[in-house]
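Chains F and Y supply the protein sequences, listed in that same order. Residue 336 in our numbering sits at position 336 of the first sequence; the count goes up by one each step and never skips. Residue 1029 in our numbering sits at position 29 of the second sequence; the count goes up by one each step and never skips.
Derived from the structure by calculation, the hints contain no laboratory data. All figures in this text were calculated on a predicted structure; none of them were measured in a lab. Take these hints with a grain of salt, some might be off.
Cross-link-like lysine-lysine pairs, in silico, DSSO-like; alpha carbons within 30 Å at most [stated by the list, open to error]:
hint, chain 1, residue 1, chain 2, residue 2
1, F, K177, F, K253
2, F, K372, Y, K1063
3, Y, K1116, Y, K1002
4, F, K177, Y, K1116
5, F, K163, Y, K1063
6, Y, K1036, F, K253
7, Y, K1116, F, K43
8, F, K202, Y, K1007
9, F, K202, Y, K1033
10, F, K163, Y, K1033
11, F, K253, Y, K1063
Residue-level listing of the chains:
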Amino acid sequence: MIRLCATNIVSSLGFSSKENYEKVTRGISGVKLYPAGTLDVPKDFCASMIDNERLEEAFGMHCEPKADYTKLEKAAILSVVLALEGTSIDPADNDTLFILSSTKGNVDFLETDPYSEKIYLWHSSRMIADYFGNPNTPMIVSNACISGACAQIVAHRELSSGKYHTAIVVGADMLCKFIVSGFQTLRAMSPTFCRPFDVDRKGLNLGEVAATMVYRVSEEKEGIELVTGAIRNDANHISGPSRTGEGGYNALKYICRNIESKDIAFINAHGTATLYNDEMESIAITRAGLGAVPVNCLKGYYGHTLGAAGVLEAILASYALQSHNILATKGFGKLGVSQPIDVVGGLRTTDKDYFIKLLSGFGGTNAAMLFKLWRNDK
Amino acid sequence: MKVIINKYRYLGGINDEKELTLLYREMGIEYSKFFKMDGLCKIGFLASEMLLADEPERFQPLKDRAVICFNGSSSLQDDSNYNATINDADNYYPSPSLFVYTLSNIVTGELAIRNKYYGESSFYISRIFDAEMICRTVNEAFMDEETNSILVGWTEYFREEKEALMMLVSRADDNAKGELMTVERLQQIYTNERQYKKEDDGRRIN
């Protein structure tokens, strides 16, 4: 089986998965209102951002300044270093593959240094893999907001095929004027804290995170298994929703082909808190026969973290399943989608063994992954 | 199971979007969404139209066909165009129509929409046309049991590099006939097509 062996989250809430998970269980959010002028954006916006000084301090403490790294590269390297701490995993091994998930990489350098190699995602991936002395060309997934899930699906395939034994998946996107102004001009941003699936939801918050998941081939059935995953396109619109939730529905149908809905503890949805995304997800979930499964989402704690979202949220959902918890959907009050799905408003417990991670993104793309908790007593 | 190359087309020697529009008109396509697309989507779209024009039952929805594209520069051409709308504080007019194309995978969405392909859509970044990585990634995409064929693209559109290689590959039985997708064959196709294009351009100039 493909086992999740180590994780880390570098975010506004802390620099370890455990610290992040504990804060989320206590309902603490990293999202703040930033005034106009922040990141040189002329309008105010709500987001969660990694404090630069804290990042520099932690990087200085745990990492070596081997090259001139950008904020994204520093956060990603720090995240991998901390994920591997205390494990016997050798990131320089021939059998280890780095997989980077990012939508925009160092796109801010287009403004300051457009002819630098820093603008290329392959450059960032090489900086990260080189830090660890890894000899293999890293894989780079850039598939809009589902990239984090795609990177894990690629890891599953590379490990299942036997090509590699260990996959280090890093999801990272940092906020800059380019990204914030873009979501503002699409009128996708909420003026206040986001409210996923709520009747009063007014759009998304943004967030920056670097998160790491280390997957390995394991003979022993233990811990969290990435069972399967699927990616499906709506074939409908590049930036608008599918009224039938087509891609999400097809992805869910595929990953659930061998299990029953009664065995699923929860679906950790994308839940960006835009009108269209949450409505589309509710349709996809209901059409797939999963309408009775509890649904939660974590955007209220971090905002939408773009290429890191699938990694960040799968880590927190895995922690929750291992603690037999279903995390609360911060910002949710009253159901505001057409389908009567069970959105989790407050922390719940569960005795079930599976969870689903669902994501959707521009380009009509959708992903779903199925995870299983193996208990020692079974 | 093995993967065979059904057909491929290469489109190169393109200098700008005007030339792509000219080619679009020459090909006699009627698809108004073309005019909204950025350069990356336009070049990918036209190369895929060249490849798929003779498909039997074109536009019948296919749930078992994926679209998987690769390039080195993501959407940096459109990113640069969008950036020009925000980098001057006195002339700040962020463009939503440019911003929606600032993702590399929009081209895979455009191809899925045009052709009604409901399968997987993925985009990967690679500094160069890495035949080994492309071959491996495409082969492994067939681990998805519902995927029976894949529209594979190398779609590059940034600064001096503007080209698209589109291939249709499919899942086949071990004893099926057809050209096997191998690292060597992918590299040969890409190298040869670029070379033919250069020689062709040379002849035109002479």
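These are the hints, each one checked on the structure:
no., hint, result
1, F/K177 - F/K253, "38 Å, violated"
2, F/K372 - Y/K1063, "27 Å, holds"
3, Y/K1116 - Y/K1002, "25 Å, holds"
4, F/K177 - Y/K1116, "35 Å, violated"
5, F/K163 - Y/K1063, "28 Å, holds"
6, Y/K1036 - F/K253, "33 Å, violated"
7, Y/K1116 - F/K43, "39 Å, violated"
8, F/K202 - Y/K1007, "47 Å, violated"
9, F/K202 - Y/K1033, "29 Å, holds"
10, F/K163 - Y/K1033, "40 Å, violated"
11, F/K253 - Y/K1063, "13 Å, holds"
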